[in-house]
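**Student:** Chains as they are written, first to last, in my numbering: chain L, 3 to 400; chain A, 97 to 548.
Calculated directly from the structure, the hints in this document are not laboratory data.
Any given hint could be a false lead.
Partner residues aside, some chain A positions facing chain L, computed with beta carbon under 7 Å [stated by the list, open to error]:
(1) Y229
(2) G239
(3) A248
(4) A280
(5) Q294
(6) Q411
(7) S423
(8) L426
(9) Q430
(10) R526
List time: in silico DSS-like cross-link candidates among lysine-lysine, alpha-carbon distance up to 27 Å [stated by the list, open to error]:
(11) K258(A) <-> K304(L)
(12) K302(L) <-> K314(L)
(13) K258(A) <-> K392(A)
(14) K470(A) <-> K433(A)
(15) K304(L) <-> K314(L)
(16) K258(A) <-> K302(L)
Far from chain L, some chain A residues (derived; all Cβ distances over 12 Å) [what the hints assert, rightly or not]:
(17) D179
(18) T191
(19) I217
(20) D370
(21) R378
(22) R387
(23) P468
(24) I474
(25) D491
(26) A496
All C-beta atoms in this analysis are idealised placements derived from N, C-alpha and C, irrespective of residue type, glycine included.
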Amino acid sequence: MTHGALAGVKVVDLTHHIAGPYATKLLADFGADVLKVERPGGDPARRLPPFHHDDPHPEKSLPFLYLNTNKRSLMLNLKTQQGREILLELISDADALVENFSPGVMAALGLDAETLHAHNPGLVVASVSNFGQTGPWRDYRATEIVEYALGGLMYIFGAYDREPLKHALHQAQFKAGTNLASATLMALYHQRLTGQGQRVDVSIQESIASALRDVTNNYTYTGAVRRRQPNHTGDLTRLRAVSDGYVLPNPGLGASLDWNILVDFLEAPALDDPMFDNASARLENAEALGEILDEIFATKQKQDIFYAAHQKRFIYGVIDSPEETMDNPQINARGYYVPLDHPELGEITFPGAPFLMSGSPWAVESAAPALGQHNGEVLGALGYDATRMAYLTASEVI
Amino acid sequence: MAGPLQGVRIVEMGQLIAIPSAMKWLADMGAEVIRLESVQRLESYRTDSLYHNDVEGDFWNRGANFYEQNRNKLGLTLDLSRDEGRDVLRDLIVTADVFAENFTPRVIRNFGLEYRDLRKIRPDIIMVSSTGYGFEGPWSNFGATGPATEGAAGLAYITGYKGGGPMMSEIPYTDYTAGEHTVAAVMLALMHRLNTGQGQFIDVSQTQTCSATIPEALLDWTVNGRVQDRLGNEDPAMSPHGCYPCAGDDRWIAIAIDSDEAWLALCQVMGRADWSADDRYRDVLLRIRHREELDKMLAFETRSHDNHELMGKLQAAGIAAGAVMDSEDLLFNQHLKERGFYEVVPHHPDTGMPPLPYASRPWKLSETPADPPKPAPIMGQHNRQILAGLLGRTDADIAALEEANVIGYVPLAPRGVRRPSLDEQVRQGRMQRYDTNYAERVREWFGIGEQA
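Next comes chain L alone, as it looks inside the complex (with noise of 0.2 Å):
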């Protein structure tokens, strides 16, 4: 691409599965040239389901497609020699190389660090992994619960009575894809600057364990240790059941300061009580408040009590489903879902940009690559003729 704020910014890009590629995919669809590295058989994110259609195949992984657009492949294999070279051949003009493998296995491929600033000092050199790059659980093994379970988000999620609970999907990736971003952004201004590389270090674990607001504090500030709450905590704001599906009810400011407005807004006289008039006094009563608020909401329906929540600028919130945003009249006013064509699979309609830059927009331009389709343009740019590629890949160097 020739726009968007990263215009210029090559980045040779050897992650894979989610963090990584989630990361690279924030640089490309904001106009970096990125090109992916994947190792034969490819990223084994291409084995991620859901697949379109339901059918299994590496180029039709959903979540692939989605990680993936604005960027072009080279299959190379690392553990070759001549490919070890093509890849030092390629960080040589480039801004950043962005890995996630396990932490290690770059120096064991010759790849470290110090190889790659030998090569070129201004690189900046960022990885993600499960627990960074030192410390001693830096070789712990580690998938999405398991980061969930020791960042600190499980053990508060959840049902007071129940197991600790996770979100579902990757969201431990995808927080850490996009703190990998920020930081390789943060590192590439300052090469703008200076001219100097570095590496950057981002954790997953950490990446959890930096978004816990008070959790810690109310260990450091009072001694006490937050948990899965209860249903009834004296909370106002506490998912309620509906009859026909839930909401997040949120008196906002205004009750607090005048609690008859929340009582005469729910229609609920058995609230109008000195027991609840005050947050300090809910906090002590907050069973009873449960209670009663539970059966009030039992008898509201979504939209209507959400839309006239909204009228006294209480700021309610709604439980949609997948099919429900699409037909959320302010996602679809903002266009977030957008058509992209894929040569093979078609038009597919894609959850879009995550915010909007009036200045150097988000854009998909191409759709994510098949394994290894750029390899000829790739090895082309670097001056092989078709005699030399033919033999990488015969000796499965690509």
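Assemble the complex: chain L is given as a structure, and chain A must be docked to it using the hints.
**Tutor:** Quick look at chain A alone, frame taken from chain L:
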């Protein structure tokens, strides 16, 4: 050596998490962040979760959430409903690279602070607005919380126990999702400005940032017409996979068996050679078919183990396993200690608070690390530094602003939230337990005092 963002000035009109957490991370990395608040409208993060649950005196300078989100920033109080307040803000914006806010568009328009207004006085300004649903569109003026956008984005619906209703975590999770994307967005805009000299407007919809992280579910609907079931802790491709009880009160371990080798290793560590010999469990498809009974069998075995000890044994055998860590486990964790993840931040002497550890950042930059942290500002702490030092206002100007309560040092209507006693919070289930010697333990573990 210092952070890469030295020389970048950010004016923040933020509240709660979405913008403050993002600007905190930019401040950590060297940006000068001037944070606006007012003595007229006290942010709830200054009134709750207080040090020692103490609502007396200047309690607004002792809020855990406020310190968590506003490290390394300068604080200026300003009443933007007054012309004099908006004059100060406009003067600040002339000197700024970035203006960041997370109020509703209605508020921003009322104050005359839209991007088109700001670019008239600072043509290359980068403005970032973070809202629940987006700055434009029919819901744009609907206020939102993290849980509301977790609901609107589709994440809450697909999360929850199998057969149960939707669930969300105990924190405003998507506030952070928006904040994390906002850091990336501001960095992209700074890169664009280096390339072109141009500023721009960034419109962050918290809902969209969250939807961007659940493509599996959204594409399963748009392509396959399927709405995924709530699966609890199950993984469709692994078994056993879940959270299992351990010895002690509310102690758990997460275990993910992602290969046949891991399964055989699990059988060995748990001392159940009979499981590995059982043909019903020999490959992943069979183990998925027998998921429920395997989960019960494994839970029966884990019950007698300490979760951290068992994690060590399982990890040594190459199994992905993790103790479900609570806040005490996190703070006193050797790995995070050696990584320097929790940073000790001193507090202003007026607060009477000792230096305390706070979560830092999920990244380390080898050549441009963060400087040692400074605490969030007490109310109005940098009024004079900013007004006199940066904007050249005279003592008389500043006195007039003070006299009119355009700036100030104490909230006009302070009201703190006293939480019930710790015993009552434990009884209600808000807290699992509490320590009485926590201050000493924190001091010793983090070497606080030795540093001074």
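**Student:** Once the shortest beta carbon distance from A248(A) to chain L is found, is it less than 7 Å?
**Tutor:** 6 Å, holds
**Student:** Is the claim that T191(A) lies outside the interface with chain L correct, judged by CB distances over 12 Å?
**Tutor:** 20 Å, holds
**Student:** Given the hinted pair K470(A) and K433(A), is their alpha-carbon gap at most 27 Å?
**Tutor:** 19 Å, holds
**Student:** Holds or violated: is there a CB of chain L closer than 7 Å to the CB of S423(A)?
**Tutor:** 5 Å, holds
**Student:** Does the CB of Q430(A) sit less than 7 Å away from some CB of chain L?
**Tutor:** 6 Å, holds
**Student:** According to the definition I'm using, a residue is off the interface if its beta carbon is farther than 12 Å from all beta carbons of the partner; does D491(A) meet that for chain L?
**Tutor:** 35 Å, holds
**Student:** Far enough from chain L: is every CB of that chain over 12 Å from the CB of A496(A)?
**Tutor:** 29 Å, holds
**Student:** K258(A) and K392(A) were given as a pair; does the straight-line alpha-carbon distance stay at or below 27 Å?
**Tutor:** 15 Å, holds
**Student:** Go through the hint on Q294(A) and say holds or violated, using the shortest Cβ distance to chain L against 7 Å.
**Tutor:** 5 Å, holds
**Student:** If we take the beta carbon of P468(A), is the closest beta carbon in chain L still more than 12 Å away?
**Tutor:** Non-interface label on P468(A) holds, nearest chain L Cβ at 17 Å vs cutoff 12 Å.
**Student:** A cut-off of 12 Å on Cβ-Cβ distance, and R378(A) was said to be off the interface with chain L. Does that hold?
**Tutor:** 21 Å, holds
**Student:** Report holds or violated for the interface hint on Q411(A), using the least CB-CB distance to chain L and a cut-off of 7 Å.
**Tutor:** 5 Å, holds
The structure shown violates none of the earlier numbered hints.
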